Amino acid sequence: MTPRQPLSALRVLRAPRATRSNALHAGAWWLWALGLATAASRTTNPLLLALIIAVTAYVVAARRTDAPWARGYGAFLKIALAVLVIRLFFAVFLGSPIPGTTVLFTLPEVPLPDWAQGVRIGGRVTAEGLVFALRDGLKLATMLVCVGAANALASPARLLKSLPAALYEAGMAVVVAMTFAPHLIADVRRLRAARRLRGRDDKGIRAVLRIGLPVLEGALERSVALAASMDARGYGRTARVPPAVRRTTAALTLGGLLGVCAGTYGLLAAQGAALGLPVLLLGLAAALGGLWLGGRRAVRSRYRPDRWGTRAWLVSASGAAVGAAVAWAASRLPEALDPPPVPLTAPELPLWPAAAVLAGLLPAFVAPVPAPRTETDAGSVSRTGQTPPAKETTRA
Amino acid sequence: MIRFDQVSVTYGDGAAPVVHGVDLTVPEGELVLVVGPSGVGKSTLLGTVSGLVPHFTGGTLHGRVTVDGRDTREHRPRELADVVGTVGQDPLAHFVTDTVEDELAYGMECLGLPPDTMRRRVEETLDLLGLADLRDRPVAALSGGQMQRVAIGSVLTTHPKVLVLDEPTSALDPAAAEEVLAVLQRLVHDLGTTVLMAEHRLERVVQYADQVLLLPAPGAAPVLGEPAEVMALSPVRPPVVALGRLAGWSPLPLSVRDARRRAAGLRERLDALEPPAERDGSGGSGGSGSPGGAGGEPLAEVSSLTVRRGRITALEEVDLTVRPGETIALMGRNGAGKSTLLNTLVGMYEPARGTVRLGGASGAVPHRTRPSELLRRVGLVPQDPRDLLYADTVAAECAGADRDADAEPGTCRALVSTLLPDVHDDTHPRDLSEGQRLALALAVVLTAAPPLLLLDEPTRGLDYAAKERLTGVLRALADDGHAVVLATHDVELAAELARRVVILADGEIVADGPSTEVVTSSPAFAPQTAKILAPRRWLTVGQVRTALEEAGVSV
Numbered sequence: 001m002t003p004r005q006p007l008s009a010l011r012v013l014r015a016p017r018a019t020r021s022n023a024l025h026a027g028a029w030w031l032w033a034l035g036l037a038t039a040a041s042r043t044t045n046p047l048l049l050a051l052i053i054a055v056t057a058y059v060v061a062a063r064r065t066d067a068p069w070a071r072g073y074g075a076f077l078k079i080a081l082a083v084l085v086i087r088l089f090f091a092v093f094l095g096s097p098i099p100g101t102t103v104l105f106t107l108p109e110v111p112l113p114d115w116a117q118g119v120r121i122g123g124r125v126t127a128e129g130l131v132f133a134l135r136d137g138l139k140l141a142t143m144l145v146c147v148g149a150a151n152a153l154a155s156p157a158r159l160l161k162s163l164p165a166a167l168y169e170a171g172m173a174v175v176v177a178m179t180f181a182p183h184l185i186a187d188v189r190r191l192r193a194a195r196r197l198r199g200r201d202d203k204g205i206r207a208v209l210r211i212g213l214p215v216l217e218g219a220l221e222r223s224v225a226l227a228a229s230m231d232a233r234g235y236g237r238t239a240r241v242p243p244a245v246r247r248t249t250a251a252l253t254l255g256g257l258l259g260v261c262a263g264t265y266g267l268l269a270a271q272g273a274a275l276g277l278p279v280l281l282l283g284l285a286a287a288l289g290g291l292w293l294g295g296r297r298a299v300r301s302r303y304r305p306d307r308w309g310t311r312a313w314l315v316s317a318s319g320a321a322v323g324a325a326v327a328w329a330a331s332r333l334p335e336a337l338d339p340p341p342v343p344l345t346a347p348e349l350p351l352w353p354a355a356a357v358l359a360g361l362l363p364a365f366v367a368p369v370p371a372p373r374t375e376t377d378a379g380s381v382s383r384t385g386q387t388p389p390a391k392e393t394t395r396a
Numbered sequence: 001m002i003r004f005d006q007v008s009v010t011y012g013d014g015a016a017p018v019v020h021g022v023d024l025t026v027p028e029g030e031l032v033l034v035v036g037p038s039g040v041g042k043s044t045l046l047g048t049v050s051g052l053v054p055h056f057t058g059g060t061l062h063g064r065v066t067v068d069g070r071d072t073r074e075h076r077p078r079e080l081a082d083v084v085g086t087v088g089q090d091p092l093a094h095f096v097t098d099t100v101e102d103e104l105a106y107g108m109e110c111l112g113l114p115p116d117t118m119r120r121r122v123e124e125t126l127d128l129l130g131l132a133d134l135r136d137r138p139v140a141a142l143s144g145g146q147m148q149r150v151a152i153g154s155v156l157t158t159h160p161k162v163l164v165l166d167e168p169t170s171a172l173d174p175a176a177a178e179e180v181l182a183v184l185q186r187l188v189h190d191l192g193t194t195v196l197m198a199e200h201r202l203e204r205v206v207q208y209a210d211q212v213l214l215l216p217a218p219g220a221a222p223v224l225g226e227p228a229e230v231m232a233l234s235p236v237r238p239p240v241v242a243l244g245r246l247a248g249w250s251p252l253p254l255s256v257r258d259a260r261r262r263a264a265g266l267r268e269r270l271d272a273l274e275p276p277a278e279r280d281g282s283g284g285s286g287g288s289g290s291p292g293g294a295g296g297e298p299l300a301e302v303s304s305l306t307v308r309r310g311r312i313t314a315l316e317e318v319d320l321t322v323r324p325g326e327t328i329a330l331m332g333r334n335g336a337g338k339s340t341l342l343n344t345l346v347g348m349y350e351p352a353r354g355t356v357r358l359g360g361a362s363g364a365v366p367h368r369t370r371p372s373e374l375l376r377r378v379g380l381v382p383q384d385p386r387d388l389l390y391a392d393t394v395a396a397e398c399a400g401a402d403r404d405a406d407a408e409p410g411t412c413r414a415l416v417s418t419l420l421p422d423v424h425d426d427t428h429p430r431d432l433s434e435g436q437r438l439a440l441a442l443a444v445v446l447t448a449a450p451p452l453l454l455l456d457e458p459t460r461g462l463d464y465a466a467k468e469r470l471t472g473v474l475r476a477l478a479d480d481g482h483a484v485v486l487a488t489h490d491v492e493l494a495a496e497l498a499r500r501v502v503i504l505a506d507g508e509i510v511a512d513g514p515s516t517e518v519v520t521s522s523p524a525f526a527p528q529t530a531k532i533l534a535p536r537r538w539l540t541v542g543q544v545r546t547a548l549e550e551a552g553v554s555v
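Residue numbers (the working numbering), protein chains in the order written: chain S, 1 to 396; chain B, 1 to 555.
Treat the hints loosely; a few may be bogus.
[As the list claims (entries may be wrong)] Computed footprint of chain B on chain S; a stretch qualifies when at least three of its residues, placed anywhere within it, have a C-beta under 8 Å from a C-beta of chain B: (1) 65-76; (2) 187-196; (3) 211-221; (4) 225-234; (5) 299-305.
Note that these hints are calculated values from the structure, not bench results. This structure is a prediction, so every number in the text was calculated from the model and none was measured. In this text, a Cβ means the ideal position worked out from N, Cα and C, and glycines have one as well.
Given only the sequences and the hints, what does the whole structure look like? Please build it.
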């Protein structure tokens, strides 16, 4: 790329071009996103929430690869918007518990019998109620967008490599299911287009419903083919372990999970908190032991798992910092982070929590830069577009 | 290496065994080609080697198959994974992970090889298959040939002693197919891998085979032998062998090179005769536009058409006119824009620039025409005919097609009966063979009697007999005044059927003219007969036979 120059401190710090060996650990992205989601869950201030969304959007735009899973961010944005709209819809038609005074308009109210007390359909729609619903919906939407960002930045398959060996097979099933959905969508599109060839309408919901059966048939065929391929390539090979170890594994895992349940109950119930914590910890230890022993049945090895390096620490720490700072601010400045819906006021941007949220931008500077996007991978899942290497042409 | 011991396989509901009386040994380090008409049990036979038959597919296996000393009755496919590598027909269905490098490592991870060994083998395999530039690419974004190479690479990394391939080159363009075959050749020569491969397109592979295993008919005993000897008996044969039989050469030639060395005599005898292609060509070969034979109002006119899909320009400034009675072959490598052009003609994509009109200057614009109206002007049989078939019986499918086209009830069924004489009304379309399914989809499309018929890659998975039937049907349609446009990788089919060939590359038309000229001028697109009898323009064995018979020359 750039000609070699004498190393300066700045050059060392600058994010390198991403390769397989310096790729950021997928777990770091998830920790970062969960930190931002925690922050979003602690505030209803629309300005702060919008800032969090903007931070995720910037990082995704700066560090997204061109892999198929990386296109999910837009879909999550749409889902978040739908959540917001649904929340507003309920606030308009089912009323709101907020005692507002600014009546915007009044819908005809459906009279309900006595036993349905507290439920209202139609009636007054107040500005306060709408603002409250909007903030509440925006909170949920922001959390969804954070998850979407993690989804777009971290490869699900790489995350799988960090799972304990005993959980690998279950994890594999989840990953296969996740790659299955895009195939299904491509199938629906192709078959809907093919309806045109039969002279039937290719638009509208009916067209989609009519092709349901062929799509499912195709999906089933593909899963069977994939299962055959996985089997033939050695998926599910197990090492022989002595029966004693197998029984111990089962006992430890089951006992551990029971302990975890009992311990959690103890902690949450009115009495028995003293006993709850030790039982919980004991159960957790037993379950982890069971997982570790269970891993001995698996013969798998891991090919180039992601390493957890300094950059991974920085990325996850920035997310954790945002989460912690906003949570702390929520207890110190409840008025600013969770402004009361009554009376109506314009939201203010609390300065230092906002600055803390900006710390979430750190990954956009420290995470390795993905390779420049190739033109060919733009839209289609199909095989078109890729121009074969020059070798093929010269031979032809 | 592989030992079949009185093997026969019966599936649950079938009365007769699919494969019967297989008793032979495949020695180590040989490339064995499994040939036979479709439905003869080739895939089943291959499946028994990897253990997928019967462990995965069900059915009953009699006898014994041993691979490298391991009995497949006692070892499940996953326990054979370190000796047998299997690649199926569709590489996309084979991929488990999402990037090339992970895909290559997947098998080794399952076997639990140490990380440094895995790393070394992945690098070796990337080099061996020429995939180094693609290592970080998502598998879904590869071209067909690249996918097939990745699929082969993904089973090679475990260093299997046996490689089982089911139609590895069927979906590939000629250049990509050669690339895959070169890799296989290298494996057999350099690593001593035993390769067992089934393939319909014999013209591509038969010359590489050390032995050929012929399954002549369902349930009949197989024949294993030298390629030349087995080809003499085989009901399926590539043009080079057919020409050899016609000329009475013995032993039969298997490659174009062998045949050329023996063809001096035949070329002399043919010297006096005129190839039909040259006879036709004398009228229309001057212009590069429309060759002779076709006339009348154009059925489709495409002018300076540009189509974008996402950020890719799939077609760039394409001009094409299709007249009644014409048969046009669209050729070009995978991803050149053939399917996009056909799909634009039925209005699935909107042109970014330029115009598409069906039926003269006042004709319909496909993407603005209602589907029920479009049906009468143009019909497309897509790459996978299953996309067109929704019903659960052939009869219901036909009734639906009649309704869609507002045709007399029974129109479609009558077409099915001509194309597919022995298909029952209550058969499920998915239970038909590839060729039968194609014929059913063709009948469904023809029910509305569109003057312009488009076919996308129609010969994928068809054996020679099915291809011959298809050729007959399409010829009859063209004689009735239909125009037929087919996108295909199959040079033999193009030579047999098309009067005009259009070659696309990167979305642009790079050649358009009579098939004799276009096809013979490029070695990648030339059929075997043309290569053998060059410089004269004989394209098919059929032409040579007719010419010799007409001239009364005995061969």
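Coverage assertion for the region 299-305 of chain S with respect to chain B, Cβ distance below 8 Å, three residues required: holds (count 6)
Stated coverage of the region 211-221 of chain S by chain B [criterion: 3+ residues, CB within 8 Å]: Per the Cβ count (5), the hint holds.
Verdict on chain B covering the region 65-76 of chain S, where coverage means 3 or more residues with a C-beta closer than 8 Å: Held - the region 65-76 of chain S has 4 residues with a Cβ nearer than 8 Å to chain B, which meets the minimum of three.
Chain B covers the region 225-234 of chain S, three or more CB atoms within 8 Å, holds or violated: Holds: 10 residues of the region 225-234 of chain S have a Cβ under 8 Å from chain B.
Coverage criterion applied to the region 187-196 of chain S (partner chain B; beta-carbon cut 8 Å; 3 residues): holds (count 6)
In the structure shown, no violation is registered for any of the earlier numbered hints.
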